[in-house]
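The primary structure of each chain is shown beneath.
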Amino acid sequence: DTGVSQDPRHKITKRGQNVTFRCDPISEHNRLYWYRQTLGQGPEFLTYFQNEAQLEKSRLLSDRFSAERPKGSFSTLEIQRTEQGDSAMYLCASSSSQQTWETQYFGPGTRLLVL
Amino acid sequence: GDSVTQMEGPVTLSEEAFLTINCTYTATGYPSLFWYVQYPGEGLQLLLKATKADDKGSNKGFEATYRKETTSFHLEKGSVQVSDSAVYFCALTGRGSTLGRLYFGRGTQLTVWP
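Protein chains in written order, with our numbering: chain A, 1 to 115; chain B, 1 to 114.
So that you can see chain B by itself, here it is in the shape it has in the complex (with noise of 0.2 Å):
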């Protein structure tokens, strides 16, 4: 079945550094790919998607491409901040089906000093 294998954390940077949060991924087709990201005592919000292979999604300094080949969408930063501290969750979600349903990692936890 559609599964979602993210790096294990916490990951612990201090600021500026660069980071690398690893996804892999097993789907039946071509799915979409999404990182969402938790922020202390807030909700799962969307910080980026691509939705066919060698997209690249973007957003707030973070990208991850699509790499159909080695089944991976890690996310990368070129420079942390102490407000990028949250847990980063790697999902999928199916194409070509009416149930849209995501496929979710465990989490990778984000925290970053000054």
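Extracted from the complex, chain A is given alone in its bound form (with noise of 0.2 Å):
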């Protein structure tokens, strides 16, 4: 087990070019979350994945976000055009339905600053 990863682990860009990041989860795991973190505050939900399934999304989650988890395995999450308020820390989380007591486990985030 060597944790949940996400690559890369800082992306500079300019505003209105194209962003990629990707998570790994615990190879065991079957649900897998984004979450997104500004300075000064606490994570906050963007989407969630059951396998592959896609089962919600939150208000923050604009038009220009997306986000993929192709044969439930790793997960991509891309924003579009984008804007100097995406700058942020991008956190992604994995847990296991078969857990008694789920318990979310996060990698060490995506650190995107848009110029």
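Calculated directly from the structure, the hints in this document are not laboratory data. Backbone N, C-alpha and C define an ideal beta-carbon position, used for all residues, glycine too. The reader is advised that the hints may include incorrect statements.
Just the calculated beta-carbon pair ranges, DEER-fashion [said to hold, decoys possible]:
1) S73/A with T111/B: 17 to 27 Å
2) R81/A with D55/B: 44 to 54 Å
3) N18/A with G78/B: 46 to 56 Å
4) T13/A with Q81/B: 31 to 41 Å
5) G29/B with S97/A: 14 to 24 Å
Cβ-to-Cβ under 8 Å is the rule here; a few derived chain B residues that face chain A [said to hold, decoys possible]:
6) Y39
7) P40
8) E42
9) L44
10) L48
11) A53
12) K77
13) G78
14) F89
15) R101
16) L102
17) R106
18) G107
Fit chain to chain and form the complex, with the hints in mind.
Below, the structure is given as structure tokens:
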């Protein structure tokens, strides 16, 4: 068990560019979550997958954001036409619905800076 | 809706001092409660959790008790160390739902001086 990994760890982009982030969950975990954390705030939920199905999206997730989890393994989060307000830490977490008391385990995050 | 309120920081303590970080919650039903910790330059790590009323979660000398009557889950440690300097987040997840999203507080920055 190597934990949740995210790539890249840091991304600097210019406003209007598209960016894509990847998350690899713990291998036996069937649930995967994306959160966004801005400076001085706690993480806020963005979206959630159970296996390959995207089951819920937050109102924070505008139509410029899209997430996928093909084959129920890794996930990608894409932001199109980035804006300065998208600058944040993007966190991925995974969990298993087989656990009696489900616990989410977080990756190190991808820090995005939009110039 | 579900939410968590944490005491605002930053909290600055001397080594071996007693620590309390207050956390109260609003939730439908009986949530599970968590404390996560974020050390400088690292990701969120689960510190402890409690899944029902009167449960006490504990880890690394930290403790928190699920108090349904006061809707609280305060974090305590009897003697802090410099290595405990980090940001602490209280969080909850609803029960009885297929969606296990976490609701986080704003975090409390703890700095411990030698």
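Results of checking the hints against the structure:
At about 40 Å, the CB distance of S73/A to T111/B disagrees with the hint of 17 to 27 Å. For R81/A and D55/B, the Cβ-Cβ distance of about 46 Å falls inside the hinted range of 44 to 54 Å, so the restraint holds. Range check, N18/A to G78/B: Cβ separation about 50 Å, and the 46 to 56 Å hint holds. At roughly 39 Å, the beta-carbon separation of T13/A and Q81/B lies within the given 31 to 41 Å, and the hint holds.
Restraint check, G29/B to S97/A: a C-beta distance of roughly 18 Å satisfies the suggested window 14 to 24 Å. Interface hint at Y39/B: violated, since its Cβ lies 11 Å from the closest Cβ of chain A, which is beyond the 8 Å cut-off. For P40/B, the suggested interface contact is broken, since its CB lies about 12 Å from the closest CB of chain A, more than 8 Å. Residue-level restraint check for E42/B holds (minimum Cβ-Cβ distance to chain A is 7 Å; threshold 8 Å).
At its closest, the beta carbon of L44/B sits 4 Å from a beta carbon of chain A; the interface hint therefore holds under the 8 Å criterion. A least Cβ separation of about 11 Å between L48/B and chain A goes past the 8 Å threshold, and the interface hint is therefore violated. At about 14 Å, the closest approach between the beta carbon of A53/B and any beta carbon in chain A exceeds 8 Å, and the interface hint on this residue is violated. Because the beta carbon of K77/B sits about 20 Å from the nearest beta carbon in chain A, more than 8 Å, this interface hint is broken.
Because the closest C-beta pair between G78/B and chain A is about 25 Å apart, greater than 8 Å, the hint is violated. Taken as an interface hint, F89/B checks out: its beta carbon lies about 5 Å from the nearest beta carbon of chain A, inside 8 Å. For R101/B, the interface hint holds, since its Cβ comes within 8 Å of a Cβ in chain A; the closest pair sits about 4 Å apart. With 8 Å as the threshold, the beta carbon of L102/B comes within range of chain A, its nearest partner Cβ sitting at about 6 Å, so the hint holds.
At its closest, the beta carbon of R106/B sits 5 Å from a beta carbon of chain A; the interface hint therefore holds under the 8 Å criterion. Hint on G107/B holds. Least Cβ distance to chain A is approximately 5 Å, under the 8 Å limit.
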